[in-house]
Structure formats: structure tokens, C-alpha cells
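Undergrad: Sequence:
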Amino acid sequence: NVSSAFPKEAIDKAREEFDWEGMKARSGQRNGSKVTGVGVAISSYSAGTSGVDGLLVIRPDGMVEIHTGVGNLGTESFSDTSRAAMEALDTPWEQAEVVWGDTSKHLPWSAIQGGSQTTHGHTRSNWAAGLEAKKRLQEIAADRFGGSPDSFDVGDGRVFRRGNRGQAMTFGQAAERAIQLGGVYDGSQLPEDINEMTTRSATALAGRGLVVAAKDNFETGGRNMSFCIGFAEVEVDTETGAVVLKDYKVASDAGTVLHPQNFAGQVHGGGIQGFGVALGQKWVMDPQWGLHVAKRFYSNRPPTILDAPHDQEMAWSVADEPDPFNPLGAKGIGEAPVGAGAGAVLNAISDALGGNVDFNRSPIMGDMILTMLNPELDEAHNKLSTHV
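Going by the working numbering, the first residue of the sequence shown is number 1, and it counts up by one from there.
Hints may be right or wrong, so weigh each one.
Below 30 Å or equal to it, Euclidean Cα-Cα: the simulated BS3-like pairs (lysine-lysine) are [as the list claims (entries may be wrong)]:
| # | residue 1 | residue 2 |
| --- | --- | --- |
| 1 | LYS295 | LYS246 |
| 2 | LYS105 | LYS135 |
| 3 | LYS246 | LYS282 |
Calculated from the structure, these hints are not laboratory results.
Model, not experiment: these values are computed from the prediction.
Start from the sequences and build out the full structure, keeping to the hints where you can.
TA: In C-alpha cells, the structure reads:
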């Protein structure tokens, strides 16, 4: 089972936004020796994890200090995922500070930043910490004003009685009271189910305010998967075998988008990586010694921005269907775009060459295209050893 899957919705939305009918109409158009081809490919990849820890401190100055083991790989996910804690506390982001970096900064046990796990796994863990902090704030207010914790609510940096907002404490006041109460409030007493690393970090933070550590124990709903659908338009020169990518668009099912600008960077950057798989990067092993043969950039060329379409900006679209087993509806999106980019370009090349052309391998190099167009050249070389 998967937690959610909306690739059909992503495709249906993209057909209209990307003018798929217009793209198909350009298929087979010829300009001298150059032929246009269009291709589509869908790719899926795991998109989450669960069971990691969240850790935060509400300080006497009222700031919410969110500790995270997520680093910044360029996607800003260290801060994006931390916002989940502030959503749970219904408090403006401006009242938060994110602590990240190395273990000397007392960070919680976190997922590795690979396999598209970060967005899904750490929105869950930070949400868990936010909910636990909300519970402790309600208890502190009940201790101060009387009544049950459920008669209080949290929002805008305050904990207040429902129906009587005059009975309230600021986060700063609640943090000072947490230090006085000790135990589960100031970090002296911690949950037994959190990771040992989180325990050490929270213990080091004890006494600084309301210290909260919580494990993500939410229901998973099955395996987390994201889906990307790439739409590519290429121009193949039948005289030289050269391939130029004219346009690329990508549709996705990745739940709720946390940061649109960085999401675009992920799906387009992953697509460009896929272009390299389709057009330039060879994984060739020496059959006798088992060593890499294509180990230099000239024989295993990674893509650059010069390989991206230049005629128009690459577009993107999302199904915008939240994942029901993530508090923000989010899923990861790191790896799925790579397969979509590679497959769409390979299919577009096949389309330009008349369709139903399957090279059964990648990358598609110029000599392979010329050999396909001129079968009499097939005996001139060994396909696996050319241009290595």
C-alpha cells in the first residue's frame, strides 16, 4: 500500500497547463535535417520516512528555538520542515529560531537527507514536537489559572483560556514557569521512546525554558511515494545525430508544496540530471577487471545549465493533493524528477526518429542515432565501446 497516489490528477492538470495537444502537433515537424520529437515519461520514488524525533525549546524571551538535524543542501528544507512546529503552535514564523548544523548544537535524532525523506519525515517530527509543546503549555496555564488543560488554547505566542482571552500567559511567561516546575517541563524528565541522541541533546538543554522532545509516532498509512511526469520536446539532427532539448515541463504528485521556489528547483534540477542520464553519462565497466572505463568528464559528461532548454522557461505543475498521513500533507520530491527527465527525453528522441524506436539503453549518443538511421554502418563499430 501507498499513503497516497495522484499521478492521474497530475497528468490531467498538466495536459491543460502545458498545452499537450500543441506539443503533439509539433511531433515530426522537419526543418532541414532537424526533426522535432515529443515524449512523456512518469517516474516514482520513495518520498518519506517516519519515527524520527522533534526537539524544541520555548525560551523566557518568548522565542521558539527549533532544533533540527536537517542540514541545508540548497533546498532550505532545514527551515521549511521546522515550520510545522509553528503551525502546530499557531504562532507566527517570526517568533521562531532554527538551530541546525553539527551535533555540538544539541540536535535531535533525524533522518538522513537522502531518498527524498526529509520533507515528509521532518514535518512529521516537528509537528509532533509542536503538539507536545502545546500540551505542556496548556498544562502550565491550567496550573496557573485553574481548570483543565483542555479549557486552554494556544496561538499567536500565547496560551489563553477559551472564552476568556484575558486569562493568558505569553510564551515567555510559560517558559519561566516551566523552569520553576522542572520535570517534564524543563527537560529534566524526557520521554522513554526518543532516540538516545535526542535524550543527550535535550538533557544538555534542560533548564533553559520549556524543553520538549517528541518522537513521530503518527500513523504511516503505507509506503510514501511521489510521482513526476516529464514532458520533453527535442530536435534531432539526422545528419549529425545531435540532440537539442527545446522544451521541458514537469508535473508532480508530491502532496502539499511547502516552498514553491525550491520545489521548482527540485523538479527542474532533477530533470536536468535526467537529461544527463539520457544524453551523456555512461556507466561502462571493463568486462575483464570490473573497473569503470568511463571515468572522466569527457566520456561521462554530466549535464550543465547549457543542456537545459533555452527557448523558453521550464514550467512545472502539481496535483496539489495533500498526503493524508502527513500533518501538512507534504511528501518528498528529490529523486523522482530524475527518472521523469531521462525517460521523457529518450521517448522524445524515439518519436523524432519515427516512433517505436527502442535503443534499450542510455545514454543515446550521436553515433547510435546515425547507426539507426543508416543500418549499413552497424558493422563499423562495437556499440558498447564507441566514444568511451
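Undergrad: Take the hints in turn and mark each one as holding or not.
TA: Going through the hints against the structure:
1. Restraint check: the Cα-Cα separation between LYS295 and LYS246 comes to about 29 Å, which is no more than 30 Å; the hinted pair holds.
2. The straight-line distance between the Cα atoms of LYS105 and LYS135 is roughly 25 Å, inside the 30 Å bound, and the hint therefore holds.
3. For the suggested pair LYS246 and LYS282, the alpha carbons sit about 23 Å apart, so the restraint of at most 30 Å is met.
When the structure is compared with the earlier hints, no violation turns up for any of them.
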